[in-house]
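**Q** Given next are the chains, with one letter for each unit.
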Amino acid sequence: MFKEMHDLFQWAWLIPALPFLSFLIIAFVTKRSKRLSSTVSILAILASLGLAIAIGLGVIQAGAEIVEHPAIVNVNWLNIVGLEIDFGTIIDPLSAMMLFVVTLVASMVQIYSLGYMRGDVGWSRYYAYQSLFAASMLGMVIATNLLQLFIFWELVGLCSYLLIGFWYFKVSAREAAKKAFITTRVGDFGLLLGMLFLYTKFGTLDFAALSAALNTNFQDVAVIGTVGYVTVMAFLVFMGPIGKSGQFPLHVWLPDAMEGPTPVSALIHAATMVVAGVYLVARMYFLFDHASPAALQFIAGLGAFTAIFSASIAIAQDDIKRILAFSTLSQLGYMMFALGVGSLTASMFHLMTHAFFKALMFLGAGSVIIALHHKQDIWEMGGLWKKMPITGTTFFIGVLAISGVPPFAGFWSKDEILAHALHNGHPIIYAVGLFTAFLTAFYMCRLFFVVFMGPEKPENHTHESPWSMTIPLMILAFFSIFGGFVALPEHNFAFYVHYGEFHHEPIAWGLAGISVIAGLLGIGLAYATYVTKAISAENMVARFPAIYKLLKNKYYIDELYLWLIHNIMDGLGKILYWFDIYIVDGVVNGLALITRGSGKVLRRTNTGQLQTYAMVFFFAVVVLFMVFAFGEGQLAALNPLATLGGVK
Amino acid sequence: MNLANFSVGLSTYLLVGAMLFSLGLYGVFSRRNIVAILMSIELMLNAVNINFVAFNRFIWNQKIDVHYILTGHVAALFVIVVAAAEVAVGLALVITIYRNRQTANVDEFNWLKW
Numbered sequence: 001m002f003k004e005m006h007d008l009f010q011w012a013w014l015i016p017a018l019p020f021l022s023f024l025i026i027a028f029v030t031k032r033s034k035r036l037s038s039t040v041s042i043l044a045i046l047a048s049l050g051l052a053i054a055i056g057l058g059v060i061q062a063g064a065e066i067v068e069h070p071a072i073v074n075v076n077w078l079n080i081v082g083l084e085i086d087f088g089t090i091i092d093p094l095s096a097m098m099l100f101v102v103t104l105v106a107s108m109v110q111i112y113s114l115g116y117m118r119g120d121v122g123w124s125r126y127y128a129y130q131s132l133f134a135a136s137m138l139g140m141v142i143a144t145n146l147l148q149l150f151i152f153w154e155l156v157g158l159c160s161y162l163l164i165g166f167w168y169f170k171v172s173a174r175e176a177a178k179k180a181f182i183t184t185r186v187g188d189f190g191l192l193l194g195m196l197f198l199y200t201k202f203g204t205l206d207f208a209a210l211s212a213a214l215n216t217n218f219q220d221v222a223v224i225g226t227v228g229y230v231t232v233m234a235f236l237v238f239m240g241p242i243g244k245s246g247q248f249p250l251h252v253w254l255p256d257a258m259e260g261p262t263p264v265s266a267l268i269h270a271a272t273m274v275v276a277g278v279y280l281v282a283r284m285y286f287l288f289d290h291a292s293p294a295a296l297q298f299i300a301g302l303g304a305f306t307a308i309f310s311a312s313i314a315i316a317q318d319d320i321k322r323i324l325a326f327s328t329l330s331q332l333g334y335m336m337f338a339l340g341v342g343s344l345t346a347s348m349f350h351l352m353t354h355a356f357f358k359a360l361m362f363l364g365a366g367s368v369i370i371a372l373h374h375k376q377d378i379w380e381m382g383g384l385w386k387k388m389p390i391t392g393t394t395f396f397i398g399v400l401a402i403s404g405v406p407p408f409a410g411f412w413s414k415d416e417i418l419a420h421a422l423h424n425g426h427p428i429i430y431a432v433g434l435f436t437a438f439l440t441a442f443y444m445c446r447l448f449f450v451v452f453m454g455p456e457k458p459e460n461h462t463h464e465s466p467w468s469m470t471i472p473l474m475i476l477a478f479f480s481i482f483g484g485f486v487a488l489p490e491h492n493f494a495f496y497v498h499y500g501e502f503h504h505e506p507i508a509w510g511l512a513g514i515s516v517i518a519g520l521l522g523i524g525l526a527y528a529t530y531v532t533k534a535i536s537a538e539n540m541v542a543r544f545p546a547i548y549k550l551l552k553n554k555y556y557i558d559e560l561y562l563w564l565i566h567n568i569m570d571g572l573g574k575i576l577y578w579f580d581i582y583i584v585d586g587v588v589n590g591l592a593l594i595t596r597g598s599g600k601v602l603r604r605t606n607t608g609q610l611q612t613y614a615m616v617f618f619f620a621v622v623v624l625f626m627v628f629a630f631g632e633g634q635l636a637a638l639n640p641l642a643t644l645g646g647v648k
Numbered sequence: 649m650n651l652a653n654f655s656v657g658l659s660t661y662l663l664v665g666a667m668l669f670s671l672g673l674y675g676v677f678s679r680r681n682i683v684a685i686l687m688s689i690e691l692m693l694n695a696v697n698i699n700f701v702a703f704n705r706f707i708w709n710q711k712i713d714v715h716y717i718l719t720g721h722v723a724a725l726f727v728i729v730v731a732a733a734e735v736a737v738g739l740a741l742v743i744t745i746y747r748n749r750q751t752a753n754v755d756e757f758n759w760l761k762w
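Protein chains in written order, with our numbering: chain A, 1 to 648; chain B, 649 to 762.
So that you can see chain A by itself, here it is in the shape it has in the complex (with noise of 0.2 Å):
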């Protein structure tokens, strides 16, 4: 059975194959046709689709064996002397899990994308990308080594800066996306050093080989060197997913990436591309796991920060995409820190979760924005339920399950993060991660009442979109509802994916309640205040106006990036280019002038007159003679007057 299912993983590579050949068909053959473009593109992601679903049932069946030895197909890529790189792909539950989840949220997007953008001129430069954009992630998730990973890592960025900037006529887009690409190219900085690092040390880039020498070696010091070693590359290595994933000094890309077509948002910034940083934690594990615990304390202090600080912003935020990006760093933030406190299932199961319940919502909200003909201001919606009820319900089926109410499929994975994070010994961060919690319910709540419920108002004409775009958000929606359930049978979500030893835990009810009941504290107080007016949100902005100005700025951060590129970059950048045109352009010039002066001088030497040179001639001779005759020791030695027998 296991042989028959090692089979089908040695095809693994055609996930991601299959996309990027769409996406050349698409670039160079069926660009003038918009129907063909959509076709090619839709098919080869349905395909890889399928073939998804077939090795997650095959991982499935394959048992616990998979996790010991996963499939691993390794072909010689680079060999030069020193280097050694391999192309490969990897089937393990991890794997398996991020392409089901890819490759399904992706199919959907692009369906969606048939009635998004209707009418759009950009149609088959849309549809190259997505898929050029899927089968990078696709080629991620498989990677078996390092260097592997950060070629389709720097390819994702590459997808998510031309969608991003996908209407480029607008400049807020292009400059959006210049920014999503600079600032997770700070990041990826820190991850090629890490790598160089790893390299250096261990001389290898490969997960397994690079696992198999921290578990087998680390008590040899002379191999491996200090836990600060370790340490170090660890850290490095997390600069990549703190720009990738949005953790907190590096956010700052994520809320304008909005910039972008709506589907691009809940594909690349919501499900798959923002989770990318979170899965290299997840492959990488082992390292954290051998470095100093202050690795994984920064990363869960990081992310719990991150967790609450975005929730903080969304709730004041009045953009309906700003706020699902927020809501999106928000919980990214609990999926960082649920690598910290050393639960990689709980991270993992919350990424695949909030995959499906993010995208559906910002579907669901680009099903609004498009009905309500671009308009994306939450205050000029209201009452939209009535007219777009598949909208509202499956809108409402995302806000539930990210608002953690049982028995959707955000519950079972945020109340497993929360109960891990507690039962391994971080009270703070349990704290932390359950007022965000309430907070995002609250943030959810507001937006859903707020666009769906109340009064309409009269200048939007609305109506339900087509099935292009509902169809893909009742199949998220039903993902949402029954998701969460693979965390019951025997053979549950950790017992694949997991790290290290494997301990069946039962479902602890008691925490489990006390987040549903901060989760409905949060609905309860969006109700009170947006639906029955009990509390006035007016009068709470009005007696503490500096916070909520602070909120809704973002607590300035990109204002403080401003100053510093600015005045200090900027600066630093005058002071070099000083330096440059004065000092390095002056010693260059200086050389000149000085051959040039010397040459001045030195000319004079040539006078054009015969006794002159005949003078110089004599005095050379004169000058010789003495050496050769006065000189001592080596000079003398070459005496041709001795040997005349004369002088001495």
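Keep in mind the hints are simulated off the structure, nothing from the lab. The reader is advised that the hints may include incorrect statements.
Claimed, not checked - Partner residues are not named here, just some residues of chain A that face chain B (Cβ under 7 Å, in silico):
#1 Gly-599
#2 Arg-603
#3 Gly-608
Stated by the list, open to error - Footprint (simulated), chain A over chain B, 3 or more residues, beta carbon under 8 Å:
#4 668-681
#5 755-761
Just so we're clear, the structure is a prediction, and the values are computed from it rather than from any experiment. The C-beta atom is built at its ideal place from N, Cα and C for all residues, glycine as well.
Starting from the known structure of chain A, arrange chain B on it as the hints suggest.
**A** Okay, now just chain B, sitting in the frame of chain A:
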């Protein structure tokens, strides 16, 4: 210098040669007419001839008791021949320059000046 037991030896001849050479050298450096410089060069060459002949006389006279070694004389003859040829060429050059520039003043031959 002790004039009582002064005898003419090799040094005397060499000294004469040196004096003539110096005079010729001085002439090369200080004369303005190109023909005068050529004459001074001739003087230097003849000084060298004196040296050759003097060495011939004194080395073979003192070392080997053979009277017919004439190496120095032959060398001097060579020098004379070469000097003659060289003067021919030199004077040809002088005439060409004079025809071109109407001057034989070495100070004015400064076309290779910077």
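**Q** It remains to establish, for every hint, whether it holds in the given structure.
**A** Here is how each hint holds up against the structure:
1. Gly-599: Cβ of A/Gly-599 sits 9 Å from chain B, so the hint is violated.
2. Arg-603: holds, 4 Å
3. Gly-608: holds, 3 Å
4. 668-681: holds (count 4)
5. 755-761: holds (count 6)
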